[in-house]
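For chain D, the structure is supplied; the task is to place chain V on it using the hints.
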Amino acid sequence: MLFAAALLAAVTAHADESSLVLAAGDGLNQVKSSCAMCHSLDYILMNSPFQDRAGWEKTVTKMIKVMGAPITAEDSAIIVRYLADHYGKDSPPAEGGGS
Amino acid sequence: MDRRKFLLDSSCSIVGGLLIPRLSWPVAADSLPAGAIASEIMDALPGKRPLIKRSFRPPNYETPVPVFRAAYTPNDAFYVRWHSGVPEVTLADWRLRVGGPGVKIPREFSHRELTRRFRSVEIAAVNQCSGNRRGLFSPHVPGVQWGYGAMGNAIWRGVRLKDVLESAGLGASALEVVCNGADAPMLSGPDFAKSLPMWKALDPDTLIAFDMNGEPLPVLNGFPARLVVPGWTATYWVKALSDLQVTDKPFDGFWMKTAYRVPRGMFGMSGFESQDTEQNSPITSIKVNSLVVDPVPGTLLALGRRVKLTGIAWDSGTGIRRVEVSPDGGANWRAARLGRDFGRYAWRQWSHDFRPMIAGPQSFMVRAMARDGATQAGRLVHNPAGYHHNVVQRVDYHVA
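Same order as they appear, the protein sequences are chains D and V. Every position in the first sequence, counted from 1, becomes a number in this note's numbering once 6 is added. Every position in the second sequence, counted from 1, becomes a number in this note's numbering once 809 is added.
The following block holds chain V by itself, in its conformation from the complex:
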């Protein structure tokens, strides 16, 4: 039997399946630097199960892909990423200050005041490090050499950043909100602080979260409060949040002005005009992406026995329109079945049934399309800092 014909036949037999013939899809280079593989270990930080250690200090640990079988990533398995030491803040001592030239009445809130005064809201959202999959860049670029696991999906509960800012009275000059946490820089290095444009800060989905999946935030994920900026990469989700300054000019801190930048126009508009320069823009929205979770690549598949390919897909919050699977290196694609919609910022689980009928190597490629029509990259869009890796994934198996 002709292989192509078989594939067509088998997929057409699945209800709801669609075949969309496409040109061959380029295959992503898919390996971490040798030194990153040699230095990774499974290691448990306090309050965490063993995760993939990338660096001990500051702690940068990623979530193993099999954890993503769950719709929500358990707190003890949620990835860890710090730029400097992890601050230990007690709830009793913690205060959130709101000030700056853009507010009329500077404020200071305790945890109790915030939770009593402002409406409690929750949102399901993917938190993904800007540099997730940096380790898969070819050629490699320096930085934390993340694989697939610098991300997670959780239910975040807290108060709206908008409500807190408005309680201080926003002035007409308000341009950005500079968000700072209790973490301190190493030596005389730059303090980690990020700013948001007013429109994003005032978006009702942008939260100051205290809880994650129904529990207080783990210390390693920003206890007692972190920003939740759905749809934007995790660099904005400032942990151990302690200070909000509403400014009337663009914030020029290192982590805004110099770091977390992408070449201007390479990934579309930033939506953060006050931080755009002629050369570059701040990284902002998450790019549509997907990931195969099962079977684990390399698994031996039984000839003639049905296998369920499963995974997740997500974007910046327009939602996932469609996930397609190709069993033949990108020649043909058919729609995967989408799982329950947990909200537009959450990831969407998907599955695809397949019965391998030919012994030998079997690979699948998977790609997602967002509701705004955006699709994953066919080829890596290389950029100096190693951001936005959303190349169509290819997973290899063997059938026997």
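Chain D with its partners taken away, still in its complex shape:
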């Protein structure tokens, strides 16, 4: 039940969230603009590197279909590729990790 007036904006960013650093690469912009709409990007770091491409695809699909993330099919493919390449099971050790 929504107490609209009393809610802290769901998108309020914690001060330290900006310290998170994700690997540079094609798709990082889409990841930042789509995923970080609803959650901090440590969700990606935390859930690596044990998901394969199919695993990340499942996650992104869930975010769109269940959680209502407004991500286009085109961006979705780019995001999955980025996640599999940089935070996938066989990807090189993740850079950064933050703060």
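Derived from the structure by calculation, the hints contain no laboratory data. Be a bit skeptical, because a hint or two may be false.
[As the list claims (entries may be wrong)] Heads up, simulated DSS-like pairs for lysine-lysine below, C-alpha to C-alpha not over 27 Å straight-line:
hint	chain 1	residue 1	chain 2	residue 2
1	D	K95	D	K64
2	D	K71	D	K38
3	D	K95	D	K38
4	D	K95	D	K71
5	D	K64	V	K1066
6	D	K95	D	K68
7	D	K38	D	K64
8	D	K38	D	K68
9	D	K68	V	K1066
10	D	K71	V	K1058
11	D	K71	V	K1066
12	V	K971	V	K1066
Quick caveat: nothing in here was measured; it's all calculated off a predicted structure.
Frame of chain D, contents of chain V only:
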């Protein structure tokens, strides 16, 4: 001296000790994903001391294990877990609605009305996230990669859910109580709401709590009111509770119907038949479990000097019958000393004295048995969402 013989001798010298030879116990894989280790930091949320940050937004922070030295987990160290934004509710504006097809007279209560009208009760109980220790799953499964600290033990004070529901007059058709909080979903995602079967909702130990350890609930732990569902995992302990709907059919919200599910029969009966399907069941009761708190694993132990191994054990509320410690990789087990009983839903502290007489690596394994005879898992019972990790723990030290 033969190592096995020494172990037998040393443990028999301790009063009340029992040795139960067992087959070798499998060792749990015990490490978080590399990315979870790389992204964890100690960080203090408002009103909290530094906790282990798993995610900033929504805030998911776990309690460091040394905090569990205390019988009750201090409010400022109690773990934090949200699915979406944290609602900020003022006590003056807060109302609890009671309605749905299963009640005769819909009600609405202010905090003052609830506390004046209904008897105040308190209970000590462990609150444990369904996914506590998910990060230790092997193979890993997606989700918040919790270590050991998505749990705590507290004294909860409030009013009985039963009393509040009955004040609205329960109808014969009442099947489940849908419990909703003031937190709102992200975008068009599903609102976080949970249901309880009537028997659990009407259990006199199920509370609408306002206080935790003698203080109002912290905002991050559900101020001004949260459900306390002793013995069941924390997913049911709805925070910032604002609405109770007594329904005459199974609630089909995402967080009941799809999430927080375990394969049917994998962990026994759910006790929540209206939510069981052929494939799966809602996660419900906490599984018997234990945790070593001291010495911190990796500590250097002094040769010949007595060391006190201490920790906690808990289950779904039958109580802890026994905790056993093995100093030899599971070949031999002896009973630990149980501490004071703070109530069947609270965790039980235990201790075990040991004098290491052999230099080199020394590991201990610990396992608890509940009063209903349930024991911890020897091997991980793997399930897709990463719930109910209660594998016998092994802790490693070095003696020199």
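>> Taking the earlier hints as the rules, which of them does this structure contradict?
In response: The structure conflicts with no hint, since it agrees with every one listed earlier.
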